[in-house]
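Number of protein chains: 2
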Amino acid sequence: MDYASRTSAVEKVVNDMRKRDSLLTLRGWRDEVYTIAASYNSPPLFAMERAATSAFGVRVYGAHVNGYVVDENDNYFLWIGQRSKTKQTFPGMYDNLAAGGIGNGLSPTETMRKECEEEAGIPENLLKNLKSVGAVSYCYEDENGVHWEGEFIYDLKLPKSFIPKAADNEMERFQLLSISKVKELVIADNFKPNCALITLDFLMRHGFITPDQEPDYFFILENMHKSGL
Amino acid sequence: MDYASRTSAVEKVVNDMRKRDSLLTLRGWRDEVYTIAASYNSPPLFAMERAATSAFGVRVYGAHVNGYVVDENDNYFLWIGQRSKTKQTFPGMYDNLAAGGIGNGLSPTETMRKECEEEAGIPENLLKNLKSVGAVSYCYEDENGVHWEGEFIYDLKLPKSFIPKAADNEMERFQLLSISKVKELVIADNFKPNCALITLDFLMRHGFITPDQEPDYFFILENMHKSGL
Numbered sequence: 001m002d003y004a005s006r007t008s009a010v011e012k013v014v015n016d017m018r019k020r021d022s023l024l025t026l027r028g029w030r031d032e033v034y035t036i037a038a039s040y041n042s043p044p045l046f047a048m049e050r051a052a053t054s055a056f057g058v059r060v061y062g063a064h065v066n067g068y069v070v071d072e073n074d075n076y077f078l079w080i081g082q083r084s085k086t087k088q089t090f091p092g093m094y095d096n097l098a099a100g101g102i103g104n105g106l107s108p109t110e111t112m113r114k115e116c117e118e119e120a121g122i123p124e125n126l127l128k129n130l131k132s133v134g135a136v137s138y139c140y141e142d143e144n145g146v147h148w149e150g151e152f153i154y155d156l157k158l159p160k161s162f163i164p165k166a167a168d169n170e171m172e173r174f175q176l177l178s179i180s181k182v183k184e185l186v187i188a189d190n191f192k193p194n195c196a197l198i199t200l201d202f203l204m205r206h207g208f209i210t211p212d213q214e215p216d217y218f219f220i221l222e223n224m225h226k227s228g229l
Numbered sequence: 230m231d232y233a234s235r236t237s238a239v240e241k242v243v244n245d246m247r248k249r250d251s252l253l254t255l256r257g258w259r260d261e262v263y264t265i266a267a268s269y270n271s272p273p274l275f276a277m278e279r280a281a282t283s284a285f286g287v288r289v290y291g292a293h294v295n296g297y298v299v300d301e302n303d304n305y306f307l308w309i310g311q312r313s314k315t316k317q318t319f320p321g322m323y324d325n326l327a328a329g330g331i332g333n334g335l336s337p338t339e340t341m342r343k344e345c346e347e348e349a350g351i352p353e354n355l356l357k358n359l360k361s362v363g364a365v366s367y368c369y370e371d372e373n374g375v376h377w378e379g380e381f382i383y384d385l386k387l388p389k390s391f392i393p394k395a396a397d398n399e400m401e402r403f404q405l406l407s408i409s410k411v412k413e414l415v416i417a418d419n420f421k422p423n424c425a426l427i428t429l430d431f432l433m434r435h436g437f438i439t440p441d442q443e444p445d446y447f448f449i450l451e452n453m454h455k456s457g458l
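Residue numbers (the working numbering), protein chains in the order written: chain A, 1 to 229; chain B, 230 to 458.
FYI, nobody ran anything at the bench for these hints, they're computed from the structure.
Backbone N, C-alpha and C fix where the C-beta goes; we use that ideal spot for every residue, glycine too.
Take these hints with a grain of salt, some might be off.
[Unchecked claim] Listed next, the in silico DMTMM-like pairs over lysine to aspartate or glutamate satisfying Cα-Cα at most 20 Å (straight line):
1) K357/B to E72/A
2) K183/A to E143/A
3) K360/B to E214/A
4) K157/A to E378/B
5) K128/A to E118/A
6) K12/A to E72/A
7) K128/A to D300/B
8) K226/A to E378/B
[Stated by the list, open to error] Rough simulated footprint, nothing fancy, chain A against chain B, three-plus residues with beta-carbon under 8 Å:
9) 258-270
10) 331-338
11) 359-371
12) 393-400
13) 439-446
Only chain A is shown next, with the shape it has when bound in the complex (with noise of 0.2 Å):
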């Protein structure tokens, strides 16, 4: 069986449980495919509408970037995305600069770079600054499955002068944000979850909770790098 088939054999199933309204997950249909490979730069062995990989519990990958300004008095901030509240995940909650899923050829970085250009608005000469700085990984499970997820995370320092713009609808607003802010967003309740989880992985790397005020600290980072369930 090669790609083609086994795509069209899943999408079958994927449907037909669709039309029975068998799974709650597909309820939320995206419209839009994962390709399913055994790691993210393993040959893809068959595409899948996004809204069933938690129902098969298959690993899904995606890029996030921090977007920060760090100003003349050495001072850093963040832009904080916020959610279109029409989006159908996450409505109106607070969200990286940009994100997206891997799985459509695109490596990624070059994932990151095109959400980047797509959801907010950044020209090519500032992606140059644009740095992979590792990863998160997690599974949980929920009413709509098992989520097992590894996020990439890029860093990108932005001149002051440069404001994001929601260019695909997918943000309502972006502001930039100080440290202290953003640490009190993370701790509330209104932060996309792998979303809070990637800022607070830029917090911690760039010297803003540290084992001396965190007694956490080695928890936090084992529970950030898990496999599995």
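Model the placement of chain B on the given structure of chain A, informed by the hints.
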């Protein structure tokens, strides 16, 4: 039982085991006590000779610093130490700029500052750039017992003009090496293993190893942040 009585009881047991030569690890007596606690920031329970900790499998903590220089063309260089040939553990192997165990009543950051001064002769005024950037957790077993360790990581950006000095004879020399040379050393077999891990973390956080080029990106990060065996 208080701290002093517990420490004295443990001391008796460990001294007795040493006299009977019943544990291989005690042949490598360090004459250095570690404070044992439920966590690095919990109240100390008792003190124990460092060489005995692996016999009991207690978790021990350390702090390591990546000392680096960025030249005018934005090229990065890392200060890599080479351990003294007379050092008891890992003689002659490559090391970070400075590192030390936690457990003498100092916080992770205080320990790091002290080691920077003692092991690499870094003056106080350069330590203002010292930044907490994460940690690695790992656990392995060898002929000496179980080594369950948590290492805090610091980055220290240094001016090109500063040359580290092996102040306390722990290091034989320091070399300022390009990223490509550092990558070669990390892969080769003469790097102290946990120091190679700290260096690998630096390379990943600073964009010198990316998910586009490294197929085991998640595997590496997950295994760098593991609790227990």
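Now the hints, each set against the structure:
no.	hint	verdict
1	K357/B to E72/A	holds (17 Å)
2	K183/A to E143/A	violated (29 Å)
3	K360/B to E214/A	holds (15 Å)
4	K157/A to E378/B	violated (33 Å)
5	K128/A to E118/A	holds (16 Å)
6	K12/A to E72/A	violated (58 Å)
7	K128/A to D300/B	holds (18 Å)
8	K226/A to E378/B	holds (18 Å)
9	258-270	holds (count 3)
10	331-338	holds (count 3)
11	359-371	holds (count 6)
12	393-400	violated (count 0)
13	439-446	holds (count 5)
Checked against the numbered hints above, the structure violates hints 2, 4, 6 and 12; every other hint is satisfied.
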